[in-house]
Structure formats: C-alpha cells, structure tokens
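> Here are the chains, one letter per residue:
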Amino acid sequence: MTRRDLAIIGAGPAGMAAAAQAAALGLAVTLVDEQPRPGGQIYRDVDRAVALRGAILGADYGRGARLTAGLRRDGIDHVAGAVVWAIEEGFSILYTREGRGARIAADRVLLATGALERPMPLPGWTLPGVMTAGAGQILLKQSGVLARRAVLVGSGPLLYLIAAQMVRAGTPPLALVETQSRGDLARAMGHAGGALRGWRYLAKGLGLLAEIARARVPRHTGATGIAIEGEGRAEAVRFTSRGRAHRIACDTVFLHHGVVPNMQAARSLGVAHRWHQAQACFVPQLDGWGRTEMPGLFIAGDGAGIGGAAAAEIAGRLAALKLAEEAGRLSPEACDRQARPLRAAQARELAARAFLDRAYPPFAEALAPADATVVCRCEEVTAGEIRGHARLGCLGPNQAKAFGRAGMGPCQGRYCGLTVTALLAEANARTPDETGYYRIRPPLKPVTLGELAAMEDAAEAAQ
Amino acid sequence: MKPVSPFLETESGTEAGPRVPVSFDGRTLELPEGANLAAALLAAGVQVFRRTPVSGAPRAPYCMMGACFDCLVEIDGVVRQACMIEVTGGLAIRRPHEAHDDPA
Amino acid sequence: MDTDYAIIGGGVVGLSVAWGLLKRGLTVTVLDGDDGAFRASRGNFGLVWVQSKGMTQPRYARWSQQSAAIWAEFAAELGANTGQAVPLEQKGGYDLHFSEETLQATVERYEGLKAKLGGDYPFEVLGHNALRKEEPHIGPKVVGAILHHQDGHANPLKLLRALAADVRRMGGRVLTGKTVTGVSKPDGFRIACADGSVTGAGKVILSAGLGAAQLGPAMGFKAPVRPQRGQVLITEKLPKLINRPSLIARQVDEGGIQIGATNEEVGPDDRVTQPGLSGLAAEAIAAYPALARAQLVRSWGALRVLSPDGLPIYQESAEMPGAYLVTCHSGITLAAAHARLLPDWLERSAAAPDLEVFGEARFAVS
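From first to last, the protein sequence lines stand for chains B, X and A. Numbering-wise (this note's numbering), the first sequence opens with residue 6 and increments by one. Numbering-wise (this note's numbering), the second sequence opens with residue 6 and increments by one. Numbering-wise (this note's numbering), the third sequence opens with residue 89 and increments by one.
The reader is advised that the hints may include incorrect statements.
[As the list claims (entries may be wrong)] Here are the in silico distance ranges between beta carbons for each label pair:
1. X:A97 <-> B:G59: 50 to 60 Å
2. B:E234 <-> A:Q172: 27 to 37 Å
3. A:K221 <-> X:G61: 29 to 39 Å
4. X:V59 <-> B:A64: 15 to 25 Å
5. X:G22 <-> B:E439: 45 to 55 Å
6. A:G171 <-> B:G212: 51 to 61 Å
7. B:A250 <-> X:D30: 52 to 62 Å
8. X:G94 <-> B:A191: 55 to 65 Å
9. X:V59 <-> A:N331: 19 to 29 Å
10. B:G59 <-> X:G22: 11 to 21 Å
11. X:V53 <-> A:G171: 30 to 40 Å
12. B:E439 <-> A:K179: 41 to 51 Å
Hints are computed from structural coordinates only; laboratory data are not their basis. Because the structure is a prediction, the values reported are computed rather than measured. We put the CB at the ideal spot given by N, CA and C, even for glycine.
Generate coordinates for the entire structure from the input sequences, incorporating the hints supplied.
Given below as structure tokens:
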C-alpha cells in the first residue's frame with residue numbers, strides 16, 4: 006500500500022478543485038467519492054447529464070464539467086463508488102468499494118463532504134412521496150425523472166431553481182408553498198449592501214421567478230401550520246397563508262429550507278464546531294485556509310459553512326495551496342501570492358451569502374416542531390419525547406440518544422441532530438454550543454460485518 | 006403495462022441504457038441498465054421501498070444522496086441504499102427483512 | 089443540611105443507590121455531570137450476568153447471584169412506577185467455546201466454584217449439536233457452550249432512563265451539569281461544584297465511576313480504579329437470530345445484534361479502532377455466520393471502571409465517616425443489589441449484607 010500526499014474525501018466542487026490544484030503543484034492525490042461519477046450533489050453526473058438535459062438544468066450546472074475535466078490528469082487517483090466508513094488519525098481512510106473493505110494511507114486529508122438538506126420535520130414528512138428538494142433535483146439531473154404532481158414547500162433559492170427546471174421540462178409544480186415572509190426579504194435588502202452584494206443571485210432568482218410566473222405556478226408565501234397528509238403516502242399539503250387555510254392535493258412534496266454542513270467525518274475526528282447563528286447550524290473551527298487544529302486535516306466547501314458551489318471551488322483551491330506548502334511543494338511566498346486573487350473572489354461570494362441567509366431563513370415550525378412530530382426518522386422519535394428527555398435531566402444530545410434512541414439509526418443523526426440540539430437547548434435554556442451535538446463515531450456509514458472481518462483476515466495474511 | 010407512477014421519465018430517459026429485467030418484491034420490472042436504482046424504481050411505480058423495523062411505517066427515498074437511509078432494500082441478503090446502486094440485469098430486490106426470518 | 093445523602097455520580101450505580109434510599113424515606117440529592125462525561129452507564133453491554141464472576145472470590149459470585157435473583161422484581165417495580173418497561177430476559181446465557189480444551193478448562197473452574205457455593209451454580213455443558221438445537225444459527229466453529237441458568241440480559245439504557253424518571257418521581261433532587269471539585273466535612277458534608285454551588289449533606293456517596301480516582305483520595309479513599317476500554321458493535325435491527333445472550337453477542341430487545349467487547353488498557357481513550365472492530369466482527373461471524381451480511385450501524389468504545397482485582401469496592405471513609413465509596417464494573421448486574429440491599433449496609437440496619445471482602449483493606453500494601 007503506497008502512502009499518498011493527500012487524500013480528499015468528496016468529489017464535489019471543493020474536492021475536485023482542490024485535487025486539480027494540489028496535483029498541479031506536484032502532490033500525489035487520491036480523491037475518494039461515494040458516487041460512481043464525479044460532480045458531488047450540485048454537479049451530480051454532470052458529464053453524462055449535460056448532453057442529455059443541459060437545456061433544462063441551466064448554464065450554472067454545466068460549469069461543473071470544467072471541474073470534472075480537471076481530474077483527468079496525472080497525480081490524481083479518483084476512487085469512485087467508495088463509501089468511507091472511518092477516518093483514523095495519521096491518516097487512514099477506511100472504505101468499502103464493490104463489497105470489499107480497503108484502506109488508503111495519506112499524510113494529509115481534506116474533507117470536502119459538502120452539505121445536507123437542513124432537516125425539515127413537519128407532520129407527515131416521513132411519508133413516501135415526501136422528499137427533499139435536493140432529491141428532486143438529483144432525480145432530474147442524474148436520471149431525467151420528474152414528479153408529475155408536486156408541491157414545493159419551504160424557502161430558499163433552490164426551491165425556485167427546481168421549480169424553474171420543472172417548468173422547462175414541461176411538468177411545472179402544482180404550487181410553491183413558501184415559508185419566508187416579505188419582511189425577510191425587506192430585511193435582507195436593507196442589510197448593509199445586501200442587495201448590492203447579492204445582486205447576481207438576486208438577478209438569477211428574479212429570472213427564475215419570472216419563469217415560474219409565466220408558467221402560472223401559484224405561489225403562497227408566509228405559509229404556516231404546514232402538514233403533509235396521506236394514508237400510507239403523501240396525498241396533500243395543508244397550510245395557512247395570509248389568513249386562509251389551503252389544502253393542495255398532490256403525489257409528491259419536495260421540502261427545502263436551506264442546507265447545512267455535513268459534519269459527520271469532521272466530528273468523527275473530533276474537530277471543534279461552533280454554532281453559526283446566521284446560518285442556524287454548526288460549522289467547524291478553521292483558519293482562513295480551511296485548516297483544523299489536527300495537523301494535516303483540512304476542510305473546504307459547504308462542509309466548512311454554507312457558501313455555495315462557487316465559494317466551495319475557491320476554498321478547495323486555497324486549501325490545496327496551503328497543503329502544498331505544508332508538503333514542501335510551494336514556498337510560503339508563492340502560497341500567499343497565489344491565494345490573493347482567490348481571497349478576493351471568496352469575499353465577494355460570502356458577502357452574497359449573507360444576503361441569502363437573511364432573505365430565506367429556516368422555517369420556524371420545523372426548527373421547533375410540535376410534540377407529535379417525528380424528528381428522528383430512523384428510530385421514529387418525536388419532538389415531545391426529546392422534550393421529555395430534557396425533563397429527565399438530559400442536557401445534551403448524547404444523553405437524549407441514550408434515553409430515547411434518537412440518532413441511533415443508520416443515518417447516524419444526519420437528519421435529526423440539529424433538531425435534537427435545538428429542542429434540548431430550548432428546553433434547558435442553554436445555547437446550542439453549551440448543548441452540543443452527537444458524538445459521531447465509526448461507522449460513518451453502515452458496513453457489513455463480513456467486510457469488517459475480511460479486513461482482519463487481510464491483516465493476518467500480511468503478517 | 007407498468008403501473009402509473011407519480012414520476013415521469015423525460016424523453017432523455019433515465020440514464021438511457023437498454024432495459025433489463027430485475028425483480029422487486031417478486032414482481033418483474035424492466036429498468037434502464039446503469040440507471041440509479043432508486044430513481045428507476047420510483048419511475049417504475051414502486052411507492053413503498055420498505056417498512057420501518059420500529060413501527061412498520063412505509064418509507065420511500067427521501068434524500069437521493071445516500072444520507073437518509075430511507076430507500077433501504079435487500080439484495081442478496083444485504084440491506085443497502087437503493088439510491089447508491091446502479092441497475093444491473095437480474096437484481097433480486099426485496100423489502101428488508103420482510104417475509105423471511107433470516108438475514109442470510 | 090440540604091439532604092440526607094448527596095450522591096456524586098448519576099449513572100446506573102448512583103441512581104440505583106439513590107432509588108433505594110428514597111424508598112426508605114430518606115432525602116437524596118444526586119450530582120450528575122454533563123453530556124460529554126465518560127459514562128459507562130450508556131456504553132455497557134447490558135448483561136445481567138453470573139457466570140465467570142468471582143472465580144477467585146466466591147462472595148462476589150454470590151453477590152452477583154443475589155442481585156440477579158431480585159432483578160426481575162426490581163425491573164417490574166421500575167416499569168410499573170414509570171409506565172416504561174425495563175426489558176429483562178433471564179433464561180440463561182452462554183459462554184461459547186471454539187476449542188474443546190478451553191471448554192473443558194472452564195468447566196473445571198466452574199465446578200470448583202460450584203463446590204464453594206454449596207452447589208448453587210446451575211450450569212450445563214452443551215455440545216455443538218445440543219447447542220444448535222437451542223441456537224439454530226450457531227456456526228460450525230463453535231464446539232460447545234456452557235449454559236448458565238442464572239444469566240440473562242436487560243436493556244441498560246431503559247434501566248438508566250427508568251431510574252432517572254423514578255428517582256425524580258420519588259422526590260430525589262438531581263442536579264445536572266455538575267462537576268464536583270471538592271468534598272469537605274467541617275460539620276456535615278459540604279460538596280462544592282465548579283459552578284460555585286455547594287450542597288450540604290448528612291452523608292456522601294462517591295459513585296462517580298472513573299471520576300472517583302480524582303475525588304477519592306481527598307475523601308480518604310484509595311479509589312484505585314482505572315479505565316479499561318471495551319469496543320462494542322451493534323448491527324441493524326434483524327429478525328430473531330440469537331436466542332440467548334453470550335459474552336460474544338446478544339440480540340437486544342429492539343432487534344439489533346450487540347457484539348462485544350475488547351479489553352484494552354489504553355487509558356482514558358474511548359475511541360474505536362478498525363482492528364478492534366474487525367476482530368470483534370470476525371469473532372461474531374465465527375459464532376453466528378449469518379452475521380457476515382448484517383450491517384454494522386453503530387460502534388463505540390466505553391471505559392470499564394475496574395479495580396485491581398475487578399471486584400466492586402464498598403468502603404466507608406475512615407477520614408470522613410459518613411462518606412462511602414461505591415464503585416464496580418458490573419453496574420447493570422448489580423443494579424438490583426445496589427437498589428435493594430446496599431441501603432441496608434449504608435444505614436447499618438440489621439439486614440445489612442456482609443460486604444467486608446469488598447472493602448479497600450484488600451488493596452493494602454503488604
């Protein structure tokens with residue numbers, strides 16, 4: 006087994022950009038990704054899909070092909086279809102590919118594991134037919150599959166993007182049920198320079214809204230009391246908007262109220278995280294290069310805090326520069342010099358993000374769900390049960406997990422962690438930082454006992 | 006005739022490979038080879054992928070990106086995420102641990 | 089004085105004792121730590137176990153038997169009080185063997201202990217075929233097992249939750265997020281915490297697990313406890329696969345197969361390691377080959393609280409009379425004894441169990 010200079014986890018914009026940059030500077034890079042083809046979620050399957058559906062998906066999506074092209078060079082070993090289930094200090098990346106466990110040794114690691122949809126626990130959100138808006142996009146990007154009768158629920162630019170894409174594909178959504186209010190947008194515009202800094206996103210958003218309006222897709226804003234109804238599957242969305250109760254019959258509901266960093270790998274290595282109030286999520290503690298306190302461990306992209314695809318690409322390059330410098334392939338002066346234009350571009354991107362965070366806040370009802378609402382999908386634990394655990398003395402999610410199994414299922418808390426932290430923080434009158442988060446341990450994703458055991462056999466055979 | 010699905014395949018098709026037979030829960034389906042299995046099952050009209058071991062509640066794909074584990078299916082005795090598998094001919098897919106009492 | 093008893097440590101050991109004292113009408117304040125504390129109570133294997141314990145100290149075997157015998161009644165009472173069942177199954181447990189030699193050697197040791205216990209040590213030896221009738225999924229590498237009829241297993245997390253609920257229901261005061269910094273006895277006891285709070289108490293019980301090593305010496309205890317790491321695995325929920333528990337694997341009431349555990353002297357490091365996980369997986373598959381296809385969903389490292397000889401420590405402080413050290417490795421097995429028998433010892437009632445052999449005198453430097 007050869008040792009690599011750098012292992013990068015995740016082949017989205019940050020990981021792909023970092024791999025190309027690091028390889029260009031002479032590092033031997035292994036890029037590990039669980040999808041069969043590069044792109045991450047934002048550029049999912051871009052090399053195949055652009056030719057088939059580029060017109061529907063839009064120009065921004067097509068930009069991903071530049072990044073996948075950058076991977077086709079010496080010095081980058083792209084290990085696709087590899088599910089990483091543990092990362093050990095030192096570093097050792099343990100993964101499963103085609104039913105076999107394997108390991109990559111690397112001097113340095115860059116985590117570029119991107120974002121997850123923010124959990125959106127609403128009554129009925131576990132029913133078949135309810136999916137994340139990101140899932141709706143992935144169905145379209147990768148597979149050309151569209152929902153015939155869908156309602157889009159939540160807030161944020163992604164909701165408009167998928168709505169516009171559905172319009173272009175000839176199956177417009179039945180309605181947009183939007184949770185942000187006009188006041189949110191006004192506040193974002195009023196925020197110092199917000200509209201100016203966010204103008205590109207605003208313009209894109211207005212273009213999307215125009216497409217949606219032309220297709221006569223009804224938009225309901227300031228929606229509250231949202232519930233998904235159905236016997237055995239989603240049949241309708243019920244809500245109140247501007248004082249009127251609505252019920253829209255449908256087959257599919259796409260939920261979205263922002264994305265949050267996928268923390269699993271970073272947390273499993275003990276990287277310190279802090280609560281980011283404006284984004285209402287935890288972000289890892291990093292320096293300006295994406296460096297953690299653990300020597301050799303970097304994080305870039307949305308996993309470091311939500312910035313979007315363009316910011317992720319820049320952050321990947323910045324991390325690669327510093328990684329190359331630490332590996333002795335780049336002088337400190339050259340590193341700083343090459344970083345300068347990247348930092349300027351990064352500042353522009355992040356300023357626009359502040360505008361978006363204000364214009365499209367998370368849906369309050371889904372941040373503090375009603376007692377009867379399931380928050381842990383895997384173990385089917387309700388918000389009321391979590392509040393009950395707080396009354397039994399649970400200050401943090403690890404105690405609540407022990408008391409009621411929230412976070413014990415196969416998703417490892419990915420879709421309940423932030424909700425459980427928020428519920429406990431509120432019940433105990435403590436901050437999210439004081440409340441903390443699940444202790445994440447291997448396996449980051451399930452691995453069969455047979456695959457695990459075979460790794461022991463391999464170790465014995467080697468001795 | 007495939008059942009009416011809440012999902013529609015665009016003309017560009019799912020990944021547009023030739024159709025190959027797979028079985029789901031004893032039923033034979035013709036799915037595009039190389040397609041994402043979860044997407045292909047949805048397009049073929051499969052609405053319930055599994056029932057939860059806690060309450061027996063029905064579940065289907067939620068995130069399509071390998072994070073939520075709601076699209077779990079059983080193939081060759083191993084429970085896996087349908088959204089992380091590509092269609093190959095002859096896949097025998099079952100609902101996890103259903104109607105048989107042996108993981109082997 | 090705020091309370092008759094202050095209990096430092098709100099794990100299964102501390103809460104079990106608190107529960108028993110509350111039942112006697114005493115007032116109790118439990119000082120518990122934070123979310124991130126090392127908590128053996130939420131990392132343990134969940135056995136209510138007799139066999140193999142006290143091989144060199146029959147009193148420990150007897151103490152474990154006493155607790156196992158009253159566990160069902162204890163669990164039922166907790167369940168009735170809280171409306172939340174504490175799952176318990178006591179239909180025997182196995183010591184699985186992969187060689188005739190180890191099986192035979194263990195049987196000989198058990199026979200020796202059985203004689204010292206006056207014959208009350210009900211076990212039988214099952215050969216492979218007999219075992220296979222009981223456990224259809226057992227693998228060909230298992231030559232046989234010792235089936236001990238006093239063994240069983242519980243849901244330790246539901247026990248912890250039920251204790252937390254019932255202690256509060258009975259009026260116990262539980263203070264969370266506390267880090268005890270010092271215990272003094274100017275008159276009554278004063279327990280100072282890092283947040284500046286002070287609790288006054290008539291008596292103090294130190295049941296802080298590994299925390300006793302720091303607090304104990306200032307209270308007049310040797311408290312020679314050390315961490316020993318056990319890595320534990322648990323699979324996805326599966327249909328019934330394992331009938332009775334063993335030290336290798338058990339099927340929990342929710343359906344997952346729990347697999348344990350390593351014994352590692354690595355200090356206060358509770359991480360899991362790939363060699364640890366792989367070794368445990370290989371052993372579990374050797375015992376139950378069908379597990380090869382099961383998905384591992386979670387794993388963790390928990391730190392056992394071990395004394396030099398592995399036995400519990402029950403000791404009143406000579407320097408601070410009224411302060412007691414209560415610590416053990418088997419907090420689940422002994423929960424019933426701690427709840428129902430130990431209060432008699434603390435209160436010096438006529439029914440007090442003889443716990444002399446568990447005192448710290450046994451650690452004296454000779």
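> All the hints need checking, so say for each whether the structure fits it.
Right, here's what the structure says about each hint:
| no. | hint | verdict |
| --- | --- | --- |
| 1 | X:A97 <-> B:G59: 50 to 60 Å | violated, 36 Å |
| 2 | B:E234 <-> A:Q172: 27 to 37 Å | holds, 31 Å |
| 3 | A:K221 <-> X:G61: 29 to 39 Å | holds, 31 Å |
| 4 | X:V59 <-> B:A64: 15 to 25 Å | violated, 45 Å |
| 5 | X:G22 <-> B:E439: 45 to 55 Å | holds, 52 Å |
| 6 | A:G171 <-> B:G212: 51 to 61 Å | holds, 57 Å |
| 7 | B:A250 <-> X:D30: 52 to 62 Å | violated, 38 Å |
| 8 | X:G94 <-> B:A191: 55 to 65 Å | holds, 56 Å |
| 9 | X:V59 <-> A:N331: 19 to 29 Å | holds, 22 Å |
| 10 | B:G59 <-> X:G22: 11 to 21 Å | holds, 19 Å |
| 11 | X:V53 <-> A:G171: 30 to 40 Å | holds, 33 Å |
| 12 | B:E439 <-> A:K179: 41 to 51 Å | holds, 44 Å |
Hint compliance for this structure: hints 1, 4, 7 are not met, and every other hint is.
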